[in-house]
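Engineer: Work out the full structure: start from the sequences and follow the hints.
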Amino acid sequence: MELIPKEKVDGTVRGLKRKELDSGEVLVFDWEPKLAYAWDDGPAIARYLAELKNGRIIAKKCNKCHRVMIPPRMFCELCWRPSDDWVFVEDTGTINTFVISNVDWKAGRLDIEGGVRPFTPAVIEIDGASRGMGILHLIDDVDPQKIEIGMRVKAVWKPPEEREGSITDIRYFKPVE
Amino acid sequence: MHAHGYTKREIAEVAVKNKRNALDHPSAQLGAEITVDDVLNSEIMAYPVNRLDVSPTSDGAGAVILAAEHVARRLTEKPVWIDGVGHCLDTAYWCTRDLYYPDYVEVAARHAYEMAGIKEPDKEIHVAEPYDPFTYKELHHMEGLMLCPRGGSVKMLTNGDTQRDGRLPVSPSGGLLGVGNPIAAAAMMKIIEIFLQLREEAGARQVPGAPRCGVAQAWGDLMQVGTVVVMRR
Numbered sequence: 142m143e144l145i146p147k148e149k150v151d152g153t154v155r156g157l158k159r160k161e162l163d164s165g166e167v168l169v170f171d172w173e174p175k176l177a178y179a180w181d182d183g184p185a186i187a188r189y190l191a192e193l194k195n196g197r198i199i200a201k202k203c204n205k206c207h208r209v210m211i212p213p214r215m216f217c218e219l220c221w222r223p224s225d226d227w228v229f230v231e232d233t234g235t236i237n238t239f240v241i242s243n244v245d246w247k248a249g250r251l252d253i254e255g256g257v258r259p260f261t262p263a264v265i266e267i268d269g270a271s272r273g274m275g276i277l278h279l280i281d282d283v284d285p286q287k288i289e290i291g292m293r294v295k296a297v298w299k300p301p302e303e304r305e306g307s308i309t310d311i312r313y314f315k316p317v318e
Numbered sequence: 479m480h481a482h483g484y485t486k487r488e489i490a491e492v493a494v495k496n497k498r499n500a501l502d503h504p505s506a507q508l509g510a511e512i513t514v515d516d517v518l519n520s521e522i523m524a525y526p527v528n529r530l531d532v533s534p535t536s537d538g539a540g541a542v543i544l545a546a547e548h549v550a551r552r553l554t555e556k557p558v559w560i561d562g563v564g565h566c567l568d569t570a571y572w573c574t575r576d577l578y579y580p581d582y583v584e585v586a587a588r589h590a591y592e593m594a595g596i597k598e599p600d601k602e603i604h605v606a607e608p609y610d611p612f613t614y615k616e617l618h619h620m621e622g623l624m625l626c627p628r629g630g631s632v633k634m635l636t637n638g639d640t641q642r643d644g645r646l647p648v649s650p651s652g653g654l655l656g657v658g659n660p661i662a663a664a665a666m667m668k669i670i671e672i673f674l675q676l677r678e679e680a681g682a683r684q685v686p687g688a689p690r691c692g693v694a695q696a697w698g699d700l701m702q703v704g705t706v707v708v709m710r711r
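Protein chains in written order, with my numbering: chain A, 142 to 318; chain B, 479 to 711.
Hints listed in this document are in silico derivations from the structure and should not be mistaken for laboratory results.
Hints are not guaranteed to be accurate.
[Stated by the list, open to error] Keeping only pairs whose Cα atoms sit at most 25 Å apart, straight-line, the calculated SDA-like set for lysine to any residue is:
{"id": "1", "chain 1": "B", "residue 1": "Lys486", "chain 2": "A", "residue 2": "Lys202"}
{"id": "2", "chain 1": "A", "residue 1": "Lys287", "chain 2": "A", "residue 2": "Ile253"}
{"id": "3", "chain 1": "A", "residue 1": "Lys299", "chain 2": "A", "residue 2": "Lys315"}
{"id": "4", "chain 1": "A", "residue 1": "Lys287", "chain 2": "B", "residue 2": "Ala524"}
{"id": "5", "chain 1": "A", "residue 1": "Lys287", "chain 2": "B", "residue 2": "Thr485"}
{"id": "6", "chain 1": "A", "residue 1": "Lys247", "chain 2": "B", "residue 2": "Gly638"}
{"id": "7", "chain 1": "A", "residue 1": "Lys295", "chain 2": "A", "residue 2": "Glu231"}
{"id": "8", "chain 1": "A", "residue 1": "Lys202", "chain 2": "B", "residue 2": "Ala524"}
{"id": "9", "chain 1": "B", "residue 1": "Lys601", "chain 2": "B", "residue 2": "Gly638"}
{"id": "10", "chain 1": "B", "residue 1": "Lys486", "chain 2": "A", "residue 2": "Arg258"}
{"id": "11", "chain 1": "A", "residue 1": "Lys205", "chain 2": "B", "residue 2": "Asp581"}
{"id": "12", "chain 1": "A", "residue 1": "Lys287", "chain 2": "A", "residue 2": "Phe229"}
{"id": "13", "chain 1": "A", "residue 1": "Lys315", "chain 2": "B", "residue 2": "Asp699"}
{"id": "14", "chain 1": "A", "residue 1": "Lys299", "chain 2": "A", "residue 2": "Ile288"}
[As the list claims (entries may be wrong)] Which bits of chain A does chain B cover? Going by a derived footprint, with three or more residues having C-beta under 8 Å, they are:
{"id": "15", "stretch": "178 to 189"}
{"id": "16", "stretch": "239 to 250"}
{"id": "17", "stretch": "262 to 275"}
Idealized CB from N, CA, C, for every residue including glycine.
Structural biologist: Okay, here's the thing in structure tokens:
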């Protein structure tokens, strides 16, 4: 297998032709990458995920600025010091912002015309955490057009046996009266 | 929209302006003469954002040559000076921030303005290239750069102040919405535009009034990084 002969490309810039690829004039090889990796959640997110498995949302407090932070973190990025107490917060909250998305997570088009419900991710300020402290999650069980900033929502959990210590242990949030 | 009652119709004017400006840019990918209704009628990507509110996927490159003052004076009779630079990173916990006002852009701008001796950016800056990957980001960034009061960007836009021949031209290049958004090269495109504007070499894109001071700004990563560059001739 050879690269394109130098005289063919010398002095000009052009795209490759299908014929050159098929005939082996261009170096082509198959490679199956092994992309195994491990992810260390760190102490704060690990506890957060473990508590989601228990059906609870846990936050962490900074005793200097008194913020209750969610997701929990081992440091307060405003006070620049280690954070302090673990505190449980509610599984209810308020929509800070949202979109009605016609594209999926992979930027593909959803078949809205065919009746597929748009994705409606939202930043939800969690009750018990400080004002402005939110998490990103999905809103469902509501007509997308009815979603509003300031709407009150509550977590819909997977049954305990299906939970695996993931943010998806909460299926979505739905409006509450 | 929630904080100041801006409408989609008003915000869409950023796309109309920038894509029209881009018609005069030789490297532009999406220069076009469009209307506000074209923006509102384009495909909804994620409401309230339509297709024409979004910059395209682009490939591109940009470069400038930096030189010491004595070298620059030897190389050219019209050097452009980087008079101020500011960088700021806000928290990576983006669900924890104010998602409307870009505090980090303001902090970066304050650093750059202090370095450049600018006290009244809305009066002392003659041409601006804020980062505009989305229509509304140009407006956010005009406010973060303190080119107008908070909540004042739409008024400036709809008054025509940010047109190429307006009081403070914004994205005369055509911006990312019009020229394209080659991520990591996009801010360099904006710096090059300010360079050309200050040298009065921007051709059909030239803003009138022989601008002496310009600002370029970049935004990115987890939507929490602001970089500001002040340039003068």
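Engineer: Hint compliance check: list the failing hint numbers for this structure, sorted ascending.
Structural biologist: 1, 6, 8, 12, 13, 15
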